[in-house]
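A.B. asks: Residue numbers (this note's numbering), protein chains in the order written: chain A, 105 to 499; chain B, 105 to 499; chain C, 401 to 746; chain D, 401 to 746.
Simulated from the structure, these hints should not be mistaken for laboratory data. What you are looking at is a predicted structure, and each value in this text was computed from that prediction instead of being measured. A virtual CB, placed ideally from N, CA and C, is assigned to each residue, including glycine. There's no promise every hint is true.
SDA-like cross-link-like pairs, simulated, lysine to any residue; straight-line CA separation at most 20 Å [unchecked claim]:
#, chain 1, residue 1, chain 2, residue 2
1, D, Lys-570, B, His-347
2, A, Lys-494, D, Lys-563
3, B, Lys-366, A, Lys-377
4, B, Lys-214, B, His-347
5, D, Lys-642, B, His-347
6, A, Lys-377, C, Thr-532
If you want the ones that stay clear, here's a sample from chain D, every Cβ over 10 Å from chain C, calculated [unchecked claim]:
#, residue
7, Leu-419
8, Gly-421
9, Asp-522
10, Ala-529
11, Arg-559
12, Gly-562
13, Glu-572
14, Asp-593
15, Pro-602
16, Ala-653
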Amino acid sequence: MDLSYSPEEQAFQKEVRQFLADELPEDIAARVKAGGEVSKKDTERWHAILQARGWLAQTWPEEHGGPGWGPVERHIFDEEAARAYAPRILPFGLQMLGPVLIKFGSDEQKAHYLPRILDGTDWWCQGYSEPGAGSDLASLKTKAVREGDEYVVNGQKTWTTLGQHADWIFCLVRTDGSGKPQEGISFLLIDMNTPGIEVRPIRLIEGGHEVNEVFFTDVRVPAENLVWEENDGWTVAKYLLTHERTGIAGVGFSIAAFERVKALAERTMRGGKRLIDDPLFAARLAEVEMDLEAMKIFNLRMLAEAQRVGHPGVETSMLKIRGTEVRQALNDLYRRALGPAAALIPGEAPGGNAALVAPEDEAAAASYFNNRKISIFGGSNEIQKNILTKAMLEL
Amino acid sequence: MDLSYSPEEQAFQKEVRQFLADELPEDIAARVKAGGEVSKKDTERWHAILQARGWLAQTWPEEHGGPGWGPVERHIFDEEAARAYAPRILPFGLQMLGPVLIKFGSDEQKAHYLPRILDGTDWWCQGYSEPGAGSDLASLKTKAVREGDEYVVNGQKTWTTLGQHADWIFCLVRTDGSGKPQEGISFLLIDMNTPGIEVRPIRLIEGGHEVNEVFFTDVRVPAENLVWEENDGWTVAKYLLTHERTGIAGVGFSIAAFERVKALAERTMRGGKRLIDDPLFAARLAEVEMDLEAMKIFNLRMLAEAQRVGHPGVETSMLKIRGTEVRQALNDLYRRALGPAAALIPGEAPGGNAALVAPEDEAAAASYFNNRKISIFGGSNEIQKNILTKAMLEL
Amino acid sequence: MNFEMTDDRRMLADSLGKLLGSHFGIEHRNSVAYEAPFHDKAGWKALAEIGILYAFISEDAGGMGGSGFDLLAVFEQMGAALCPEPLLGAAMAAPLLAEAGEDLEPLLSGEAIYALAVDEPDAPWDADAGTTEGGDTLTGRKTAVYGANAATHFLVSARQAGKLSLFEVKAEQAAVSPWGMIDGGGAGELMLDATPARCLLPDAGEAIAAALDWGRLALCAEAVGAMDWCYATTLDYLKSRKQFGREIGSFQALQHRMVEMKTAIEQARSITILAADRMDSRSVAMAKSLVGRTARKVSEEAIQLHGGIGMTWEYPLSHYAKRLVMLDAQLGDADFHTARVAARYA
Amino acid sequence: MNFEMTDDRRMLADSLGKLLGSHFGIEHRNSVAYEAPFHDKAGWKALAEIGILYAFISEDAGGMGGSGFDLLAVFEQMGAALCPEPLLGAAMAAPLLAEAGEDLEPLLSGEAIYALAVDEPDAPWDADAGTTEGGDTLTGRKTAVYGANAATHFLVSARQAGKLSLFEVKAEQAAVSPWGMIDGGGAGELMLDATPARCLLPDAGEAIAAALDWGRLALCAEAVGAMDWCYATTLDYLKSRKQFGREIGSFQALQHRMVEMKTAIEQARSITILAADRMDSRSVAMAKSLVGRTARKVSEEAIQLHGGIGMTWEYPLSHYAKRLVMLDAQLGDADFHTARVAARYA
């Protein structure tokens, strides 16, 4: 057993740290730390900085512009980036569509789309979920009917994250309704500027706008935008869902969240003593920290296994569950540590002498509420448990 | 709203307290407090004392020798008795068979069996569960075949509490195997001295002997020992299972358990201070106390409703679940409060100067383990949740 | 022993429920709850007209209630409708004004809106720890004053001659920095700088502690009302929503979680009844702690069992969920009150 | 980064597993575990002969192990087989004897059986709080000395010239009041009354703390082994047992609980690996706390998922369940170690 990184990995970790120290814009990191929304511009700036270093498309093979990292390198980058309050890399083009095109796309599709993802020309969003379908992805109803060289698309997608900024959407559509739900699905690339597409915002619980509904009314899509074979899109969809789940535990986010709670509790006074010195609060924090420390090792175990056998195992579902539980527990403690001031709406706090909390802590409650999503989206924890039941229990 | 007992109920409560102070033998109460086993003799003594006062058959109508109590009186008695460390009243004859005979028995059966339950002539045990059946009662396999004026019984019962002391057993047996599992069941009274009956002890996790397996090999039972109609025993069984669940929360036991933990934590030193002054331990105890205080009121709400409409509602299943959770949480804290000394086997502690814990606390761990049963037996908590699902969710 | 509401309270609760249903539908509620002054004058007037403020004052003192069960009847309805009006301040002010022998008519009629200002930033939830000094004027800062925007009067605690005293400050003479609450409604920072004040009670420690307990009970009752709503809504959802070809309510893992939610709510209701009956600080602390923890759990479970839809602003559940989580932070959170209960063992 | 066991450790673990399987079948295990002296001389000798005691000593000092991962390899097997032999004492004594420059041969060969005696009744788990005074003889009382019946030597902490020192007391010169443990194995009260003693380390505070951490790690590893066994056994049961006409494992509510159990065990294993790697007091405290809580939960869930059969003496699970619950009480329970971790924030 050896829990430490190899000398090469340690050197890489140092390199990542140095890169973040040198290249991550301070203003962006401050906004991430404060838990507020990261603008499209911020994301684009950060993507460009990463691409300049060749570190943007982290899961792509080198021949297509990836950095040639394995799961451990990606994990090291994730952890360091989260600690440094870097914005997340938007997954839609880079982690979702890119690998799909590399595996299933035609040579023309690869040549056309991949470079545009890398250089930021195309901002992609995802058209998977539909209203009333939830985790039951295969029940999708959006129809695409072939008419000559085009597909005519009608239907509705939902939970489309950052769709308001997107140039393109990759969609699962139904091209044949006669068989089982999983059959007759196709994977289509659609230009968001095509007539007949309407994007409507969905406001989330805490008030933010990050997801959307996307409506398709007689949207005409060139047939060459079909990826892989017609009616075999489920193969593509499954690949996308199971591909690259090594970052699923969100360890970096939890480490950053833990540091935030601890720092806040150190400077929060409650009746003459620091909150961190309150035995009950400290015990609650300690119990979450233990879970986090355990999860770090559990995550490394999964990474080592993924490196060894070439793909992550079913443990990723356990890590998804525990990862979201730990983050949500930390979000909860963070909000509670603020006491009554937690209630204030971020950005609407009274200023000057009347300030209630440090600006970086203002979004504690909003983050808590927003992060209820992490146990729902991306395959709810209940779905993960069903997956694990099948795999482990063989029942 | 009025949470207090009526003047009559208060007077009754006082009367019960006085009775317990006067009549409950101190040596028996000491044994109950110490959590050890209560002997058959102790139980018989206590039953006789209660019967002398007319308070033994608490759920029976007055015409058959009951005290004419309603659910509130029974609750008051239970609570006071538990606080005073009275042994429990054995339910098999008094709370199970008695009401069954009163509702389903022939006049001859009532006249013969009821007085013998009251005066202690017959010690009854229960023959419901079978190996491999668990909560799925209707799947029972013990067969009774009619031959002339007799039934010939073959099969096996299990989890027969205190069967080692019993004179009689009431059994569910299969008299017809052709229909649905619930059909073809009959309710039979069997003399434990009949040839062909063998009682084998089941030792429980903590080492105690309170339950048994009972084997029947060609046991001949007079046909007059059939209660109610042949093949309609399921009606009787259901009545027995749902009858009189108002005491199901075990509030009295939990109150006594809470007092025990608190008293122990008050006299236990941990590194120079009392355990009760440890903020973390005190907080854990406080959280259980709140649950217990809530449950007391929840229980009273159920009793008031039972008194109003004549029978308890589905809330009894919630009270069963929460009641066992609270008791088990208190058992857990009690064991933990003892620290390393909790491990010693009751009755085998070194004496004299080397004594480790007060004799009354010796059984803490044994009780903790033994009481894992309360969420399993009598309809496991999972079964209660299924019952509640059907009733409340109408799903 | 009787757990039925009296007819009077039942009638009040029913008419309150009807009024809230017609006046504070979720869209109107949201427009009031999330925009200053977080207060609908017409709605407040209607609430006052059906007499709910009288529920906070005993008959002896000119009201029609004044017991814990009166608060229960009112605030359960407020919670079920998620009404953001600043009623909490009135519930706490009423016994204080009565104790001080003040004219109660302005409060009872709804003309005056009172807010209680006792907490300070470094010691929220602990009136005794405040450092504001009192006299003819007050100087100091009070934090998280609920209903500050709408208030016409503040009841302010301050130290005077070594004792905790209670003062009245008129809103027009006070400097308030208001802020909106993420779960709806408004609060404010009361910035006192030689602010004119009138002493109502020179020795007010016990009276303030009791008033805070009234407020805590009100919050517990509000939570119970909101939890009932969440449970019923989630149950409806589980019965109607289909996934993988069947009602999601047919999944046993979800069924058992619904049973646990319902059981927890009944426990929370029970301890709230206990607190309303006893109205001693221990029972109220137990109720606020257990209800605070249960409310968060119910909120989280209701969202999770709904899935994505429960996360959206448009779906009313999200607002109930926010309220249920955030009310724990008002007047002492679960751990604060657990520690109070635990301290009594010592 | 590599989470595979080295070949040496794998071989040791395999041969230990085989030996335990053949020698300590559950019936023999129970007869040893629940009857004084809670020790099977032949079994102990066999354990010593395959060299497991060498795992506690570094190669430099004449052993073949000495790292946290060596302890892991040994105690996981001990836990999986529920072996009651007094190996914990040896694991803690080994580094102390090495530090003191004592001859290790008697320990390594299994001839000498060491027990550590540091806790006292009013301050269990806290060696520093002991009041026993040391010198040429010792007077005082040590509590919960594990393996006391079988021990040939006691390593005893006592205060000497203001410092915590370590003494050796020979079993034949000691007064021991032994007691059996409900989860199997024996402990004893060491009653010291001018008992002859030999000082091994005059300034032993750090060494004793480190030795206790080795013991805690051993208990964590033992728990992981026993939890794996419980999980596998419960899974088998769910697959084979039928109720209401179907495998009980087909009930989704039970499935989800199995997933939670498995996830919790993997977390416990992970933090045990962390502690074995770091062997600092914070990591060990975190491991002991998380493992202690997880072990209890696994024990309770395994019984509950089995139903009545899991409650019986005859069914091996009940003994694993007892061990998993009770090992939390050895060398500091979960709350004790949580408080230690929490105190580091201050």
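A.B. asks: The structure should be examined with respect to each hint, and the outcome stated for every one.
C.D. replies: Status of each hint after checking the structure:
no., hint, in the structure
1, Lys-570/D with His-347/B, "violated, 64 Å"
2, Lys-494/A with Lys-563/D, "violated, 58 Å"
3, Lys-366/B with Lys-377/A, "violated, 28 Å"
4, Lys-214/B with His-347/B, "holds, 18 Å"
5, Lys-642/D with His-347/B, "violated, 28 Å"
6, Lys-377/A with Thr-532/C, "holds, 19 Å"
7, Leu-419, "holds, 42 Å"
8, Gly-421, "holds, 36 Å"
9, Asp-522, "holds, 18 Å"
10, Ala-529, "holds, 21 Å"
11, Arg-559, "holds, 30 Å"
12, Gly-562, "holds, 32 Å"
13, Glu-572, "holds, 46 Å"
14, Asp-593, "holds, 36 Å"
15, Pro-602, "holds, 40 Å"
16, Ala-653, "violated, 4 Å"
In this structure, the hints that do not hold are numbers 1, 2, 3, 5 and 16, in rising order.
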